[in-house]
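Peer 1: From first to last, the protein sequence lines stand for chains U and L.
Be aware that the first sequence starts at 1, since it is given in UniProt numbering, and climbs by one per residue.
Be aware that the second sequence starts at 1, since it is given in UniProt numbering, and climbs by one per residue.
In short, the hints are calculated from the structure, not lab data.
Any given hint could turn out to be false.
Said to hold, decoys possible - Short, incomplete list of chain L residues facing chain U, as computed with Cβ under 8 Å:
hint : residue
1    : 9
2    : 39
3    : 40
4    : 42
5    : 113
6    : 118
7    : 120
8    : 123
Claimed, not checked - The list that follows gives simulated cross-link-like pairs (lysine-lysine, DSBU-like), each with its CA atoms no further than 30 Å apart:
hint : chain 1 : residue 1 : chain 2 : residue 2
9    : U       : 216       : U       : 234
10   : L       : 18        : U       : 160
11   : L       : 18        : L       : 47
12   : U       : 44        : L       : 14
13   : L       : 2         : L       : 76
14   : U       : 160       : L       : 14
15   : L       : 2         : U       : 44
16   : U       : 218       : U       : 44
17   : L       : 83        : L       : 18
18   : U       : 153       : L       : 83
19   : U       : 45        : L       : 2
20   : L       : 2         : L       : 25
21   : U       : 268       : U       : 45
22   : U       : 45        : U       : 299
23   : L       : 47        : L       : 83
24   : L       : 2         : L       : 30
Built from N, CA and C at the ideal position, the CB exists for glycine as well.
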Amino acid sequence: MNMLQVNSSSLDTNTDTRTAMTSNCRRPEHTAPPDVFYNEVEAKKYSQNSRMIEIQTQMSERAVELLNLPEGQPCFLLDVGCGSGLSGDFLSEEGHYWVGVDISTAMLDVALDREVEGDLLVGDMGHGMPFRPGTFDGCISISALQWLCNADKRSHSPPKRLYTFFSTLYSSLSRGSRAIFQLYPENSEQLELITTQAMRAGFGGGMVVDYPNSSKAKKFFLCLFAGVTGSLPKGLGTETSDRAVSNQVQYSGQRCRFKGMKGKSAKKGRDWILEKKERRRRQGREVRADTKYTARQRKPHF
Amino acid sequence: MKLLTHNMLTSHVKGVTKGYPLLIKATEVKVTEVDFNPQFVSRMIPKLEWSALVQAADELGHRQDLPVELVPEYEKNEEFLKKVHRVLLEVEVIEGCLRCPESGREFPISRGIPNMLLNDDEV
């Protein structure tokens with residue numbers, strides 16, 4: 001979503017709203033509330049930009065993988081911040097049935113035009129999920145949760161909205177199911193705010209970070225477990241993952257020792273002392289001759 | 001809005017204790033063909049509030065021969081599962097509204113999408 005903002009600003013800077021939007025490309029949630037930001041213009045991009053579609057689909061795929069649903073079974077899932085239905089389409093492809101919630105009617109209109117199979121609702125995450133207990137087998141949310149961390153109105157209290165969201169979500173999930181959130185956290189305080197409220201609401205789990213060493217590929221997935229203790233999945237691109245290729249050479253303490261040397265000998269070794277004596281001779285100073293005793297280890301008191 | 005979704009929806013307005021089931025007032029209903037998946041229907045049945053489903057189907061005039069009580073051993077009963085499938089996934093409310101049974105608050109449905117946004121005093 002952030003990369004798309006950069007692309008669009010180079011295409012068209014005529015519209016007032018567009019100029020306003022591009023003023024904060026990297027964090028759209030600083031520009032306007034989500035129902036204002038995701039207007040018709042923005043929504044159109046979501047149906048037309050192939051790179052956007054590719055990224056969203058990839059993240060949906062990873063989110064479904066993290067959901068760890070029973071194999072071969074069609075499930076009933078919730079898509080929070082479903083937008084134009086890109087992630088929902090992936091769910092349908094996998095044979096699942098889903099309900100999508102989004103605050104932007106413009107985005108949902110695009111979803112309708114794209115004839116998504118899931119049922120759609122207009123709703124605000126911060127108001128809570130309006131479902132009976134145990135409704136869903138799982139929940140995914142792509143690039144939406146960070147919007148809940150900003151107070152768009154004076155009456156908004158992000159921690160309260162987060163808690164309302166998480167507690168109602170917890171109840172709407174069947175025991176043993178998961179909620180996977182792909183998000184772009186602004187900073188560690190925001191992450192902490194989110195995880196605190198999620199834990200307060202009864203969820204277990206934690207953050208999974210894919211490709212932590214790559215600034216471009218790095219992705220955050222908040223994995224929440226409703227009612228069962230499971231082990232947190234490993235992030236891709238980390239040492240123990242067998243799926244990803246390591247994109248960094250293993251850190252070696254040995255090599256680090258000689259890092260700053262720049263072609264010279266190690267400090268205080270015999271070679272170094274001989275070199276220094278030679279240097280001082282060239283400077284014209286009086287230097288003792290080199291003998292077999294040069295650079296010999298002396299007793300500590302020396 | 002499909003009746004499967006309706007069966008799960010409640011009013012989440014602050015202070016409302018019995019916001020379920022939401023009464024449907026439909027001005028436009030559509031029936032579309034959806035692939036029949038007996039496994040999914042069978043799995044969903046225990047999650048449903050059966051009486052609410054029958055009531056909703058009645059309200060839309062699409063109940064047909066759906067029984068008042070759940071049929072025992074429905075997993076193997078394909079005919080019954082097909083009836084449930086039709087009511088759950090093929091009947092859609094396009095225009096209308098949902099009404100809270102306790103407070104009377106209405107949630108409008110437009111283009112098949114219910115609007116569950118709350119006012120500041122309802123949160």
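Peer 1: Look at each hint and say if it fits the structure.
Peer 2: Structure-based check of all given hints:
Below 8 Å, beta-carbon pairs count as interface contacts, and residue 9(L) has one with chain U at about 6 Å; its hint therefore holds. The criterion of a C-beta within 8 Å of any C-beta in chain U is met by residue 39(L), whose closest approach is roughly 6 Å, and the hint holds. A least Cβ separation of about 4 Å between residue 40(L) and chain U falls short of the 8 Å threshold, and the interface hint therefore holds. Hint on residue 42(L) is violated. Least Cβ distance to chain U is approximately 10 Å, over the 8 Å limit.
Taken as an interface hint, residue 113(L) checks out: its beta carbon lies about 5 Å from the nearest beta carbon of chain U, inside 8 Å. A hinted interface residue such as residue 118(L) counts as satisfied when its beta carbon comes closer than 8 Å to some beta carbon of chain U; here the least separation is about 5 Å, so the hint holds. Look at residue 120(L): its Cβ gets to within about 5 Å of chain U, closer than 8 Å, so that hint holds up. Restraint check, residue 123(L) versus chain U: the minimum CB separation of about 6 Å is within 8 Å; hint holds.
Distance check on the hinted pair: residue 216(U) and residue 234(U) sit about 19 Å apart at the alpha-carbon level, within 30 Å; holds. Only pairs whose Cα atoms come within 30 Å are accepted, and residue 18(L) paired with residue 160(U) is accepted, the gap being roughly 23 Å. Pair hint residue 18(L) plus residue 47(L) holds up; C-alpha atoms about 18 Å apart against a cutoff of 30 Å. Only pairs whose Cα atoms come within 30 Å are accepted, and residue 44(U) paired with residue 14(L) is rejected, the gap being roughly 35 Å.
Between residue 2(L) and residue 76(L) the alpha-carbon distance is near 24 Å, which keeps this suggested pair within the 30 Å criterion. The hinted pair formed by residue 160(U) and residue 14(L) meets the criterion: a straight-line CA distance of about 14 Å does not exceed 30 Å. Note on residue 2(L) and residue 44(U): the hinted pairing holds, with a Cα-Cα distance of about 26 Å set against a maximum of 30 Å. Straight-line distance between C-alpha atoms of residue 218(U) and residue 44(U) comes to about 26 Å, which keeps the hinted pair within the 30 Å bound.
Taken as a hint, the residue 83(L) and residue 18(L) pair is honoured in the structure, with Cα atoms around 29 Å apart against an allowance of 30 Å. Between residue 153(U) and residue 83(L) the CA atoms are separated by roughly 47 Å; this puts the pair beyond 30 Å, and the hint is violated. At roughly 28 Å between alpha-carbon atoms, residue 45(U) and residue 2(L) fall within 30 Å of each other, so this suggested pair holds. Restraint check: the Cα-Cα separation between residue 2(L) and residue 25(L) comes to about 14 Å, which is no more than 30 Å; the hinted pair holds.
Pair hint residue 268(U) plus residue 45(U) does not hold up; C-alpha atoms about 64 Å apart against a cutoff of 30 Å. About 76 Å separates the Cα atoms of residue 45(U) and residue 299(U), which puts this hinted pair outside 30 Å; it is violated. Between residue 47(L) and residue 83(L) the CA atoms are separated by roughly 17 Å; this keeps the pair inside 30 Å, and the hint holds. Proposed proximity of residue 2(L) and residue 30(L) is supported: the alpha carbons are some 10 Å apart, at most 30 Å.
The structure does not agree with the numbered hints 4, 12, 18, 21 and 22 stated previously, though it agrees with the rest.
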